[in-house]
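For the protein sequence lines, the chains are A and B, in the order given.
In terms of my numbering, the first sequence is residues 1 to 353.
In terms of my numbering, the second sequence is residues 1001 to 1223.
What the hints contain is simulated information worked out from the structure, not anything from laboratory work.
Ideal placement from N, C-alpha and C gives every residue a C-beta, glycine not left out.
Watch out, some of these pointers could steer you wrong.
To be verified - Chain B is faced by these chain A residues, among others (derived, beta-carbon under 8 Å): (1) K7; (2) T30; (3) G110; (4) I114; (5) E177; (6) P178; (7) P338.
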Amino acid sequence: MDKVLMKGNEAIAEAAIKAGCDCFFGYPITPQNEVPEYMAKHMAKSGGVFIQAESEVAAINMVYGASGAGFRVMTSTSSPGMALKQEGISYLVGAELPAVIVNISRGGPGLGSIQSSQSDYFQVTRGGGNGDYRIIVFAPSSIQEAVDLTAKAFDLADYYRNPVIVLGDGMIGQMMEPVEFYLTKNRTLPTKDWATTGTNGERKPNIINSLALVSEDLERHNYKLQKKYDEMEEKEVMYETHKMQGAEIVLVAYGTTSRITKNAIDSLRESGIKAGLIRPITLWPFPNKAFNEIPKPAKSILVVEMSMGQMIDDVRIANEGRLPIHFHGRPGGMIPTPEEIVEKAKEIVGGAK
Amino acid sequence: MNKDKRICIISGYYGNGKTEFALNYAISLAKQGIKTVLADLDFVNPYFRSREKEQLLNGYGVKLVSSNIKKLGSDLPAISGGVAGSLNDLSVRVVLDVGGDATGARVLSSHKDHLIEGQYDMFYVVNANRLENLTAEGVINNMKEIEKSARAKFTGLVNNTHLLRYTTVADILKGQTVCENVSKIVNLPIKYIAASEMIIGKQPKDLEGEILPINMLIREAWM
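All chains should be built: construct the whole structure from the sequences, respecting the hints.
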């Protein structure tokens, strides 16, 4: 298929359909509305189910039900809606149910704004739900990457029997870019022999549940879940490094901000400052490894986010106290310009050379 | 361009490039010394609306009317009374940037007293690299839906087929074929071919439609 021009939200929806998404449950909220809108138009055509739920809470519980019955399921929302889904997400993890959850994030806290923001980093990597749990979080920085990661999210969700989050800031949802849909090689996935598909009187019933009243059982369950998180940390880390060779200042940014940062890096290099970029693609598991490989000349790190500084906590952990860490952020739906990042970097390095 | 009617409605499937076309069209009019108003009627899309470019438009002498809620970060369906005002003002050319598809075009029906057949133009902007507009059939379906909810009729087509900075002449030609097929079926002319600087001059000279140079005004450099 030739390249087509798509909006991020549409592309994510189409990628989900192509990945074999059987059911979509969602509730409208700007700036992700094109996802349910596209699903409403196209799911029936592809033999799938689209339901506009009565709320985000209802949608995530529909996800729980359909996933428990063995279907490939997706929901999408934006920040305040994501907050509402937290209980359901914890239940999905507890019951070991695969699902893809898309968050096209906007300014907060509270109802916030409809403009692009990255202030849901804590929410997606630390989780607002209860219990010991971890979720793989993909943060695409282009529409093509959003397409590829959405497809991958379905596979990883099935493989680990755990939800996977695709986090795009509002810009990623609204921006248009040429994309291609190609068949990715699926990893070998286990059959869903745990799903509630009916026993036909031939086996014991499967039970989907996150309640365990015997503490010993729940402890065992937590050990089992932890093993999966360990495997995710070992195998699923994704990141990009850009112009890191000889970098004296290392910028760290994800999603839309990483694109802006790349422009800033070009103009910094033009003015003689060697700047490089670490771009986490998985926000969890965080690419700690990339920070162990920062080249010797590096004197400082500059974290750029559309927030007051959330990923910076993970950068501090990964950095293990080696380099001083600086921050530039714009909260509330404001988008940093390449110029202000350049200025901040120059200030840190000590003026133009 | 000077043969177009005083009121010019820009509509089409969402993401086809209506806003970029409307901005460039309005600026081209203003550059010819024509008093021009751009009415941003887009209450469907939350991002990338022409109202974000008010300063730029004013710089060219284009007046912008949009929502009566001045803040940008709103997707409320509020349309300024200034829109009706400029539709009534016979001394100005009005370019209407209509958002979304059929849903977004519904706003036009509330101005139907000003939209008298034969006194306005309504252009369907085609980007044949959009999934819904890959074929003439897709375009015509969209056109019918929009006409129904807008209670207005298309009078021409704009070939705005591109792939952003990856656009080649082949994209223009692909779009032109779709537009020609639509044109034959619905009997409407291809009025414009929108082309960025890197394409202008490279396309065959005998294509139907006036070339309108497009500067990407909405996209930031890092996009």
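Point to revise | I114 (chain A) as chain B interface residue, shortest Cβ-Cβ below 8 Å | key: Constraint on I114 (chain A) satisfied, holds at 5 Å.
Practice item. May I ask you to test the interface hint for K7 (chain A) with respect to chain B, counting a Cβ-Cβ separation under 8 Å as satisfied? Key: holds, 5 Å
Check your understanding: Against chain B, with CB atoms and a cut of 8 Å, does the hint on P338 (chain A) hold up?
Key -> With a minimum Cβ separation of about 6 Å from chain B (threshold 8 Å), the hint on P338 (chain A) holds.
Point to revise | Status of the hint placing E177 (chain A) at chain B (closest C-beta pair under 8 Å) | key: holds, 7 Å
Check your understanding: Is the shortest C-beta separation between P178 (chain A) and chain B less than 8 Å?
Key -> Status holds, d = 5 Å.
Exercise for review: Classify the hint on G110 (chain A) as holds or violated, based on whether any CB of chain B lies nearer than 8 Å to its CB.
Suggested key: violated, 14 Å
**Study point:** chain B contact restraint for T30 (chain A) - C-beta distance below 8 Å
**Key:** The hint holds - T30 (chain A) has a Cβ within 8 Å of chain B, the shortest such distance being about 5 Å.
The structure shown violates just one earlier hint, number 3.
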